[in-house]
Amino acid sequence: MNKFNKNKSHFNKYGYCIINSFFNKKEIVNLDKKVETFIKKKSNKLKGKNINFTKNKSINTVHDVDKFESFFKKFALRKKNLDLAGFFLDSKPEFRKCEIFSKPAKTGLPAPLHQDNYLWALKNNNGITFWIALDKSNKNNGGLYYVKSSHRLGLLKHENSYMPGTSQKIPKKLIKKKKLFNVITPSLKPGDMLIHHCLTVHGSNANKSLKSRRGFTIQYKDKKSGYNKTLLKNYKINLIKQLKARKQI
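Going by my numbering, the first residue of the sequence shown is number 6, and it counts up by one from there.
It is possible that some hints are incorrect.
[Unchecked claim] Have a look at the derived ranges for each label pair, beta carbon to beta carbon: (1) K213 to K128: 36 to 44 Å; (2) K178 to A211: 19 to 27 Å; (3) K85 to N165: 35 to 43 Å.
It should be emphasised that the hints constitute simulated quantities derived from the structure, not laboratory data.
Model, not experiment: these values are computed from the prediction.
Ideal Cβ placement from N, Cα and C applies to all residues, glycine included.
Please work from the sequences and hints to get the whole structure.
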């Protein structure tokens, strides 16, 4: 029996699950150091869609970090990660990308309700995110929240959010129509990990606390899954439109 069967049952029912202490102290300290070093030494070279800042110019999110630091891709491709991803996908996994969510104290930005696959555009909707806690994460510091069982709703309509880091959001009218109000904010410690389905509706509040809420994410998809080129093209067009409006390009 796979030791993560209970986690997967929860995932299948609610669209997300928590795996406590998936990474040991040594692993999480090493990842934390690599993230901090990357931010200090390489983030100043990033621009456009790859990095977003808070109003006081603190780093809020960094995207596609595996393209700029080889350690992150190697970390994502570790056997323990791939085995777990394959177990949750019920297929051979393929790595997509890594992101850093710094969400600094006092100024960390909110993320509107959205589904990852509206941005990814996978044809069969078979993708997952590993959200790894580098700090304690909870309601008080803008922890990630989920709408239970929303992965069963299929791909929902989105609209431009004009918010740095999360360019798409589910319209308010649709949130009300679908009654996307039953949210839960898991509490995490460093080394804990959330896994959520690419159709699970999720978001987060602003971090107004005195503590940062840093997370590192890894995205995986079904290796056999292709991309909806039309949806992906429309997403990229809208992203560029927003980046221009925010004067990021």
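Results of checking the hints against the structure:
1. Between K213 and K128, the C-beta spacing of about 39 Å keeps the proposed range 36 to 44 Å intact.
2. Checking the proposed 19 to 27 Å range against K178 and A211 shows it holds: the Cβ atoms sit about 23 Å from each other.
3. A hinted range of 35 to 43 Å holds for the C-beta pair K85 and N165, which are about 38 Å apart.
Hint violations for this structure: none, all hints satisfied.
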